[in-house]
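Please work from the sequences and hints to get the whole structure.
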Amino acid sequence: MTSNIIKIDNQLQSNEKVNKEIEFLTLSVGKQQFGIAVNNIRDVIIPTEITTVPMVTREVIGLINLRGRIVTAVDIREILDIDSTYNLDTSMSVVVDFRGDLYSLIVDKVGEVVTTNLSNIEENPEHLEEKWLEIAIGIYTANQDLIVLIDIAKLIKKLGEKNK
Amino acid sequence: MDELILDFLTETKENLDSLDTKLVTLEQNPNDDELLGSIFRTMHTIKGTCGFLNLPRLEAVAHAGENIMDKIRSKELLATAKEISLILESLDKIKELVSYLEANGTEAEGNDIELITKLNNAATNSQNQDKESPASVNDQETQTSEDINNSVPQVEVNEQVSIEAQENSLTSSSQIQETQKKLAVEKGLEVANRAETNKTEQQTVRVNIGVLDHLMQVVGELVLNRNQLVQIDRIVKDSKFTGSIQRLSYITSELQEGIMKARMQPIESAWSKFPRMIRDLGKELNKKLQLEMYGKETELDRQLIEMIKDPLTHMVRNSADHGIELPEERLASGKRDVGTITLNAYHQGSHIIIEISDDGKGLNIEKIKNKIIQNRLATAEEINLMNEQDIITYVFKPGFSTSETVTAISGRGVGMDVVKTNIEKIGGTVDLKTNPGKGSMFIIKIPLTLAIISVLIVECGGEKFGIPQVNVVEMCKAGEDSGYRVEEINQKKVVRMRNALLPTIILSDVLQVGARNSANKKSSDNSDHYIVVCDINGVNFGIIVDKIHDTEEIVVKSVAPVIKSIGIFSGNTILGNGKVIMIIDPVGLLKFVGDVGEESDSHSSMHHLEQQNLGNRTSLLIISDSQDNLYVVPLEIVSRLEEVKISSIEYSNNSRVIQYRGSLMYLTEIDKNFTYPKDGCVSVAVFHRNQKYLGIVVKKIVDIVEHNLGDDASFTDSNYKTMVVNGKTMDVLQIGDIFFNHIQLEEKHTAPISKKSSKNVLFIDDSPFFRKFIPPVMINEGINVSSIESAEQAISLLESGNIFDLIITDINMPGMSGIEFAEYCKNSNRFNQIPLIALSSSSDDKLISQIKNYGIIDCIAKTNHEALLNIVIRTIQ
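Those sequence lines, one after another, are chains W and A. Okay, so the first sequence: first residue is -16 according to the working numbering, each after it adds one. Okay, so the second sequence: first residue is 942 according to the working numbering, each after it adds one.
Among these hints, one or two may not hold up.
27 Å max Cα-Cα, derived DSSO-like pairs, lysine-lysine [said to hold, decoys possible]: (1) A:LYS1250 to W:LYS137; (2) A:LYS1793 to W:LYS14; (3) W:LYS141 to A:LYS1498; (4) W:LYS140 to A:LYS1498; (5) A:LYS1532 to W:LYS140; (6) A:LYS1505 to W:LYS114; (7) W:LYS140 to A:LYS1505; (8) A:LYS1036 to A:LYS1202; (9) A:LYS1250 to A:LYS963; (10) A:LYS1386 to A:LYS1202; (11) A:LYS1505 to W:LYS137; (12) A:LYS1505 to W:LYS141; (13) A:LYS1520 to W:LYS92.
Label pairs and their computed distance ranges (CB to CB) [to be verified]: (14) A:SER1185 to W:ASP66: 52 to 58 Å; (15) W:ARG82 to A:GLN1734: 54 to 60 Å; (16) A:GLU1740 to W:ASP72: 27 to 33 Å; (17) W:ASP26 to A:ARG1439: 49 to 55 Å; (18) A:GLN1244 to W:LYS3: 34 to 40 Å; (19) W:ASP72 to A:ARG1815: 39 to 45 Å; (20) A:ASN1773 to W:ASN100: 28 to 34 Å; (21) A:SER1506 to W:ASP66: 47 to 53 Å; (22) W:ARG50 to A:ILE1798: 22 to 28 Å; (23) A:GLU1162 to W:ASP66: 52 to 58 Å; (24) W:THR73 to A:HIS1155: 44 to 50 Å; (25) A:GLU1225 to W:GLY121: 31 to 37 Å.
Some but not every residue of chain A turned toward chain W, in silico, with C-beta under 8 Å [claimed, not checked]: (26) ILE1515; (27) GLY1519; (28) ASN1721.
It should be emphasised that the hints constitute simulated quantities derived from the structure, not laboratory data. Computed from a predicted structure; not experimentally measured. Glycine is no exception: its CB is placed at the ideal position from the N, C-alpha and C atoms.
Below is the structure:
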């Protein structure tokens, strides 16, 4: 992977479009595609047994045992009000690290790692819903798919906000 | 930075801390030779190491300090306050130099001639010719060997180290003559260190805390894996691994304990700077202060020690500054002029208690009140309503300080709130007690460690939870045959236990878990529960759970903030089988229940009703007629029980009525032979239906009993007209008929549905009682009602071609639940057009929103016949 980046990096440099590289993993929730910066991601797993937590906000699905560490499984749908149902048997879990706690985003599908130049990331369309604007870094267009890049820290911070 | 220098830094810092304390002790006992020797050696070690590491400036200061100590040791100089102050001053200088060294990696430029001269003068003043030149190698060598010889007799006292130390001192003293200065100093240093550590009788290795933390984590994992293995082994019969696994299990426990211990430190390390601090504070404030410390050896997790250091310092300062009075004031109030600050640490369960008390003037409540008002933290009216303890807690509010003068030490009002937050951050609490004129006391309670605890695994609503074993006092079985029954007072549940009332909460109610499945479970279990009695700060309360499993040693893992904020869970962990469970914090649970209980009593009473129905237990009202025949009626459908004055009874249309709650209530007698007394009162059971009140006048309200309605055997006939309660046969009060006879005869019937309506309603409820009581409400309105006792039967009725205009279903039923039934209908092309109404004993909003997803029009409380009738009529029209 590193060698790949360097290659692309070199290409870009030769193209004189030098800017910052970013690398992100694409994932889909319902019909929407998202991207999460790779350096945030700790693991991609198939969610095993999920322990539900009573009384917790709906945004938290439960807890997963990831090789001895406890991961809080988060329902991205609930946070962003995405209207779709998930099937835990087929969903994937993207584990991210935020301030020492591990969180797992339950998604329908995990795509691929995309490496691109920051200049290819477009700004958020202004009429995006506010909660989306808050968590979105920008939009990346790939094969006619619009990928919303998520700022993990902001997404996690939104947890529990609904209840307040 | 050079590793040697790093070692030097950690070691020297520790030495300096202990020196402070020792010097203060020395000041009080100037003739303690052993103490003197120990101080001298420490100073000497610092000096020697500095020379070895080529830190001339530090060396010079340490050397000058050592000189004075030497004089004191050889009794040429007396250890008075002046000398001690001088030595302390040199220590401060050394500290300053050391911290510079730590920050920059090199020694600071400059020199300390002034201080050194002062020290040397003090040393020489004592008629002493031994003027040392720091460069003299010979002098130092002799001194080192002297030192070693001196230390030997003291070392001999110690059993374990003595031989080794002697050997060392022998070799080193022989080496000194022939080897170089460096080696000599090094050896001397080692011996001095040994002598130093002989009090703790152990040798230490410095380990980076990160390494320990990592070890702790790995051991945690090992414990979990061990648990898994043990579980597997239990299942496999005649396994040849059993022996090995048992050994592994034992070793793992040992290892776990060992690592835990490695992280523990005596609390002394957090206290070591206090004697010096108190001494200085006393000088600064012109107060006579004395510090007493008890329980120095109390151990707690290293990490926690670090975290309580600052809060403790602040509180000690506070006591010295605000608590203790000036000597004159103390004498005037009949106290000793010396004020005592006492530190006391001890274990209590899995907590450590640290008390910081002073014998000063105590808190001035009036002053605090004024300050509260002045700082607009509360109004005077609010304060008047508070008790003393409430007022004291304001001391911990941000921006609060009652000290009239802001001193350098404290009084800026930043502090106590920070102290409180810091302690709460590590799961601790801080309390303040005060006794005017006698002093005040801070009580800090913090958990021993944040690492491993023992928990009791309980089950509730199909989910497992852990309750920290330390909180658990006892466990017992609750239920019919156990002798412990859950009763309630004003909707708060209690259990009578050994002649005392134990406040009790039902865990599944609080956590709202398993509401759907527990209905079935509970009825089949015949309401067998367990009570876990917990002790929170001396208060006992019971937690009702479905099952108790076993206890397990677990590594508590912290939970994400979003879960922590619920306030009920203190952490989570992974069990032997790899499953994650939540650890309940009983304190948080109690707090939560307390909060909720007051806000939504009605809610909890709804829950209670549901609870009773879940177990198919219903409260029955037993009344008697003039012949002392007993009648029974479900308490739920009775609105109220009233005593009606004979004088208030009026007549209308030959019927007795009274004015009741802004409308008229018709009275009817329970039997024809009933005669009203001339005056006084009669007992009336009030029923409410269709905005009409009907009072049934009875001879006596006999009792309210709990009865299991699920047991059809208690009915003596198929129409449920009589039943056996507590061994007596009773008539079931046909309240539907009574209403029909009375209200309808009295007034023009206004129901919009004609009697000949051909509307068909299917009514599903597992409770025979409600099947008896609800349909008449509708039948009275001319609706055809088919009652049936289970969703399964309903489905077969539907499938066999019966057509209904409306289905009313109970939610909690054994077998298929109302919601499952709704789901079935929703997914069926044929039945998804039939409107559905749910009946529940509870009508909370959550449930309503939940069921609406299943195509259910509304959820009506079972007792609210009026609402039910309204919606039925609206729907089928």
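Legend entry - Distance restraint evaluation - ARG82 (chain W), GLN1734 (chain A), Cβ atoms, bounds 54 to 60 Å: The hinted range 54 to 60 Å holds for ARG82 (chain W) and GLN1734 (chain A), with Cβ atoms some 55 Å apart.
Inset, instruction - With chain W as the partner, please determine if ILE1515 (chain A) meets the hint condition of a C-beta pair closer than 8 Å. - result: Status holds, d = 5 Å.
Legend entry - Distance restraint between LYS1520 (chain A) and LYS92 (chain W), which requires alpha-carbon spacing of 27 Å or less: Within the cut-off at roughly 25 Å; holds.
Inset, instruction - Please test the hint of 31 to 37 Å on the beta carbon pair from GLU1225 (chain A) and GLY121 (chain W). - result: violated, 59 Å
Inset, instruction - Mind checking the alpha carbons of LYS1505 (chain A) and LYS141 (chain W) for me, to see if they're no more than 27 Å apart? - result: Given that 27 Å is the threshold and the Cα spacing comes to 15 Å, the pair holds.
Legend entry - 27 Å limit on alpha-carbon distance, applied to hinted pair LYS1250 (chain A) and LYS963 (chain A): holds, 20 Å
Legend entry - 47 to 53 Å as the expected CB spacing between ASP66 (chain W) and SER1506 (chain A), which holds or is violated: violated, 27 Å
Inset, instruction - Could you tell me whether the CB distance from ASP72 (chain W) to ARG1815 (chain A) stays inside 39 to 45 Å? - result: The hint (39 to 45 Å, Cβ to Cβ) holds, given that ASP72 (chain W) and ARG1815 (chain A) are roughly 42 Å apart.
Legend entry - Supplied distance hint 44 to 50 Å, evaluated on CB atoms of THR73 (chain W) and HIS1155 (chain A): violated, 36 Å
Legend entry - Supplied distance hint 49 to 55 Å, evaluated on CB atoms of ASP26 (chain W) and ARG1439 (chain A): Since ASP26 (chain W) and ARG1439 (chain A) have Cβ atoms about 53 Å apart, the given range 49 to 55 Å holds.
Inset, instruction - Verify the proposed pairing of LYS1532 (chain A) with LYS140 (chain W), using a straight-line Cα cut of 27 Å. - result: holds, 26 Å
Inset, instruction - Could you tell me whether the CB distance from GLU1740 (chain A) to ASP72 (chain W) stays inside 27 to 33 Å? - result: holds, 30 Å
Checked against the numbered hints given earlier, the structure breaks hints 1, 8, 20, 21, 22, 23, 24, 25, 28 and satisfies all the rest.
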